[in-house]
Amino acid sequence: MNGQKEVDYKKEKMKSRIAWGIAILFACIWLVITLVPFFFMIMNSFRKQFDMLAQGVFHFPDPWYFENYVEVATNGFFGYFFRSVIVVAVSLILMLIIAACAAYPLSRMKFKMRGLIYAGIVAMMSIPMHVTLIPIFKMTTKMGLYDSLRSLIGPYVTFALPMSVFILTAFMMTIPKEVEESAEIDGCNKYRNFFSIILPLSKSGLSTLAIYNGVSMWNEFAFANTLLQTPAHKTLPLALGQFKGEHAMDIPIILSVLVLSVLPMIILFIVFQDKLVKGMMAGAVKG
Amino acid sequence: MVTRKGDNVALKNNTNGLAQAREKSTVKAAAVFLFPALFLIAVYMIYPIIDTFTTSAYSWNGISSDKIFIGMKNWKTLFTDMTFWSSFGHNVVVMVFSILLQIPIGMLLATFLDAGGRKFNLFKVIWFLPYLMSSVAIAFLFSYALATNGGIFSSIASMIKGGKVTVDLLGRNPHALFSVIGVMAWQFTPFYMVYFIAGYGNIDTSIYEAAVIDGATRGQYLRTIAIPLLGPIFKTACTMSLIGSLKYFDMIWNMTGGGPAGGTELMATYMYKLSFQQFNMGYGSCVAAGMFLLITFIALVFQKIFVVKEDY
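Which chain is which? The protein sequence lines are A and B, in order. Heads up: the first sequence begins at 2 in the working numbering, then just goes up one per residue. Heads up: the second sequence begins at 564 in the working numbering, then just goes up one per residue.
Hints in this document: simulated from the structure, not taken from any laboratory. Careful: at least some of the hints might be erroneous.
Below, a sample of chain A positions facing chain B; criterion: calculated Cβ distance under 8 Å [unchecked claim]: (1) Ile19; (2) Ala20; (3) Ile34; (4) Leu36; (5) Val58; (6) Gly77; (7) Ile99; (8) Ile118; (9) Pro129; (10) Leu259; (11) Ser262; (12) Ile267.
What follows is a list of derived Cβ distance ranges for each label pair [unchecked claim]: (13) A/Gly116 / B/Gly822: 43 to 51 Å; (14) B/Val655 / A/Glu7: 29 to 37 Å; (15) A/Asn190 / B/Val655: 48 to 56 Å; (16) A/Gly188 / B/Lys682: 39 to 47 Å; (17) A/Leu54 / B/Ile689: 23 to 31 Å.
One-sided and incomplete, this derived list gives chain B residues near chain A with beta-carbon spacing under 10 Å [what the hints assert, rightly or not]: (18) Phe686; (19) Gly713; (20) Met830.
All figures in this text were calculated on a predicted structure; none of them were measured in a lab. Just so it is clear, CB atoms sit at the ideal spot from N, CA and C, and this is done for glycine as well.
Just chain A, with the same shape it has in the complex (with noise of 0.2 Å):
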């Protein structure tokens, strides 16, 4: 009886040691399915042009070659990266605030139209870009905007509303109610409760918030590629071409301009990891 056991036991493990093993044999080709292509694109950013194929990819390079890192950054590669730098910050502000304004009537208010201003919001979540596309590109000529920084502004900030919106309303309907009514008692009105009492307890959500649209906002490619044409206006996604059409057959140098604009955010990534991943994840409420 006993020996029984023990022989079902030893088999059960078994059973899991060859389960882990083959779970582990996934993960390692997984892990090299990932990292291959990083690989590629690092090792090949330090040849010389015509190095790449007489080297082989795989090989290491010889020499290294810093010579593309050079050319790249002082051939206007940190101009994008400023420009982009400065249409997300300036965005990513309004957007928190106008959505922080939006949600706090839908959360705490009681009036009539609420529940139909809060659905109409929610519905705009999945409304496609490119349906507007034309328009937007039609009001920003008209407007004088376009071929300026300034023309991404109301698109970046409107795209992202819906959904921070939606996240803010939730999340401000989780503050007790007390904490506004006794501030009221003290003589708050409605705009000072929201200034003094509500933004400053939506800070983590808020700077979720921050983290899902900012990453969105700075890889973001159609709007900037529609309403924008002279280099010295475009931002970082658009980096990408200008440069492979000024240098179209040396991939070295392209290479080495991915290395740069992808390096930003896996310092932010290794520095921020939960932080990051959690705000990304708030964009999974999209679907």
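For this one, chain A is given, so just place chain B on it according to the hints.
Same frame as chain A, but now just chain B:
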């Protein structure tokens, strides 16, 4: 007596007035707070949607003033436009394979990490890396990595067979579409992985403890309890993947541009080409409007069939 009654009425009127004033001030405050958001949504979303539908009834190159009303003619063209329908077909293929590849692999990776605990943290960090790259960057990277000359697959094939072998992944059909689907799986699997990790994390630990007390192994717990509990999350993931694949644009535009010979053309790239390369904005608007209707329709049907429950 009379005066008292009068007082009462006055008092009543007064409280009513107060409540009314209060309500009025609430409505006013709500309007003030909501105005900026509603204004922007009206200007950058509602108006453009209406305008896209209106423009779809015109023949117009986007620049000149001769905008000619042609009624439903664009829509009639759209119905018989093989390029549009084959693009839609590609969107559907991408959609099906995205759901079949990204979600199961993402779930397997998450299950592995959940079963292994913190000792596999390095796996998690590395697996997440592709999601940090923008679609544009991925497009450029893979246009070189899948090239016939000096691409990853060509180089590996050459190493195995010896001598020079070219593997043409982006230059012919239908290989190009499936290569693109592969790249999309590389990009988005990490997203679903993290999504399912969060799903596992949300399951109450007391459920696991109860299962362990009842003698379940980690494997049994995952099979019979945890994975079934992920049901609603699974449906939400499918909806996201579905809508995402129907409006896919950035990567295809930068990697294949819809080519070769329209083999990877999607609705969005077709619309963009028509509007901003051929300056056929009337018909481009019609394609955009058609795309909007198709996406809305498919999303609604999907929601109806699977009744995605709001779990937030």
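Going down the list of hints, with the structure as the test:
1. Among the interface hints, the one on A/Ile19 is violated; its C-beta lies about 12 Å from the nearest C-beta in chain B, farther than the 8 Å criterion.
2. Evaluation of the A/Ala20 hint against chain B yields a held restraint, the C-beta minimum of about 7 Å falling below 8 Å.
3. Interface restraint check: A/Ile34 against chain B, minimum CB-CB distance 7 Å, threshold 8 Å, status holds.
4. Look at A/Leu36: its Cβ gets to within about 7 Å of chain B, closer than 8 Å, so that hint holds up.
5. A least Cβ separation of about 5 Å between A/Val58 and chain B falls short of the 8 Å threshold, and the interface hint therefore holds.
6. For A/Gly77, the interface hint is violated, the least distance from its beta-carbon to any beta-carbon of chain B being 17 Å, above 8 Å.
7. Because the smallest distance between the Cβ of A/Ile99 and any Cβ of chain B comes to about 5 Å, under 8 Å, the interface hint for this residue holds.
8. The restraint placing A/Ile118 at the interface with chain B holds, with a minimum CB-CB distance near 7 Å, inside the 8 Å limit.
9. A least Cβ separation of about 4 Å between A/Pro129 and chain B falls short of the 8 Å threshold, and the interface hint therefore holds.
10. Interface restraint check: A/Leu259 against chain B, minimum CB-CB distance 5 Å, threshold 8 Å, status holds.
11. Residue-level restraint check for A/Ser262 holds (minimum Cβ-Cβ distance to chain B is 6 Å; threshold 8 Å).
12. Checking A/Ile267 against chain B: minimum C-beta separation of about 6 Å stays under 8 Å; hint holds.
13. A beta carbon spacing of about 48 Å between A/Gly116 and B/Gly822 agrees with the range 43 to 51 Å that was offered as a hint.
14. Restraint check, B/Val655 to A/Glu7: a C-beta distance of roughly 55 Å breaks the suggested window 29 to 37 Å.
15. As the Cβ distance of A/Asn190 to B/Val655 is approximately 54 Å, the hint placing it in 48 to 56 Å holds.
16. Between A/Gly188 and B/Lys682 the Cβ separation comes to about 56 Å, which falls outside the hinted range of 39 to 47 Å.
17. Between A/Leu54 and B/Ile689, the C-beta spacing of about 29 Å keeps the proposed range 23 to 31 Å intact.
18. Annotation: interface hint on B/Phe686 holds; nearest CB of chain A at approximately 6 Å, less than 10 Å.
19. Taken as an interface hint, B/Gly713 checks out: its beta carbon lies about 5 Å from the nearest beta carbon of chain A, inside 10 Å.
20. At about 8 Å, the closest approach between the beta carbon of B/Met830 and any beta carbon in chain A falls short of 10 Å, and the interface hint on this residue holds.
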